[in-house]
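**Student:** Residues per chain, in single letters:
Number of protein chains: 2
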Amino acid sequence: MEVKVLKITEDILGSNKEWARKNRDRLEALGILTINVMSSPGAGKTSLIVETIRRLKGAVRVGVIEGDLASRVDADKVHREGAPVVQINTGGGCHLDAAMIEKALLNLPLEEVDALLIENVGNLVCPAEFDLGEHRKVMLLSVPEGDDKPQKYPVMFSGVDVVLVNKTDVLAYFDFDMTAFLRAVSGLNPDVKIFPISCKTGEGLETWVSWLQEELKQRKVKNKDA
Amino acid sequence: MEVKVLKITEDILGSNKEWARKNRDRLEALGILTINVMSSPGAGKTSLIVETIRRLKGAVRVGVIEGDLASRVDADKVHREGAPVVQINTGGGCHLDAAMIEKALLNLPLEEVDALLIENVGNLVCPAEFDLGEHRKVMLLSVPEGDDKPQKYPVMFSGVDVVLVNKTDVLAYFDFDMTAFLRAVSGLNPDVKIFPISCKTGEGLETWVSWLQEELKQRKVKNKDA
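Chains A and B, in that order, are what the protein sequence lines are.
The working numbering numbers the first residue of the first sequence as 9 and each following residue consecutively.
The working numbering numbers the first residue of the second sequence as 9 and each following residue consecutively.
Calculated from the structure, these hints are not laboratory results.
Any copy, or any two copies together, can satisfy a pair, since identical chains are not distinguished.
No more than 35 Å apart at the CA atoms, straight line, and that leaves these computed lysine-lysine pairs for DSBU-like:
#: 1; residue 1: Lys201; residue 2: Lys30
#: 2; residue 1: Lys208; residue 2: Lys85
#: 3; residue 1: Lys85; residue 2: Lys201
Generate the whole structure from the sequences, applying the supplied hints.
**Tutor:** Structural data, given as structure tokens:
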């Protein structure tokens, strides 16, 4: 499938909540586990998605929606992995919203997808407040950003199901206090799962992929029971 | 002076443009060079401000406005350097606006300030579009974020006077193509000044501080002529 680039600059189609509900219903009906991936610019969202596709190849069919203000740099990287992908360009928009996702879903071969990864715009503020219709929210915090981010971006850290601490390979070169960071995140969000990873060396990625596969399994059991 | 924490959640006082003009007029009248410092979360804005204060001590009196969603972590760091500082907490707000700055100016001893550094909320999107009444816009891009950010955040890179490439001390540990980055930034913004720096080792900071002192000098000459 070719990379499609959608240029969306405003949501003229109704409230975000309503669109998110519609997306969720649709994805539920199709049995597609959907994950909203958020982080600062350059924390490693695209690398995570690429590494996840590689590790799930043959077992789980991954589809991807890429969000950026401009460019198709990330969609091209995902496309090279052979996964179906749609790039959303938000123009000036600082986050994806549910209406954009609805439009992207129309451009993906959903019948060939088991898990949908949505890469949000790089930003720790606005994406935290927009439900896209996803099942799980995941954020990456990279080591070079520092361990004080939970205090500064509490809405983001409070609202996610998983925090991935990326770039652990460079821990030795930064003053990052992992114990203080874990304490701060758990304080804001006691039920959150935290996985230290390195998309460069592969460290910790099997734990992340296992979590994803477990989520897929539980969703299938739930759908079968329904 | 004690650290003041202002909690501002909305702009109820009029359009941003109008407030920015008022701030600029006021700062001009007082002869205070004002710089809006923007970057992703964790790129090193506070470190840059702290290192700048240290290098200008005795020569230039620096005042600081700190912007964050929550916490006073950064203001406390600046306060320890002996500089007057006000912390703005935006609640959920993803950027500072001119009305917030106006309120902060009322809480600073402006007669004791030659240069005012404003640390915006960590975000490469929304801060790019809000004039605060500053004289110069400066952004930091840190090496770990990657060299592809100009393509993804063109509004930010197009609108600034200076781009500081921070954390050059870890260049060896990341795939950061400095030549490609410089070419991309110059393509978007031919007149921009680009200074590679490391707030950790001090590399390149003298060039940045010289630029700031030159800006101060030109402002004084201009005010004298007026």
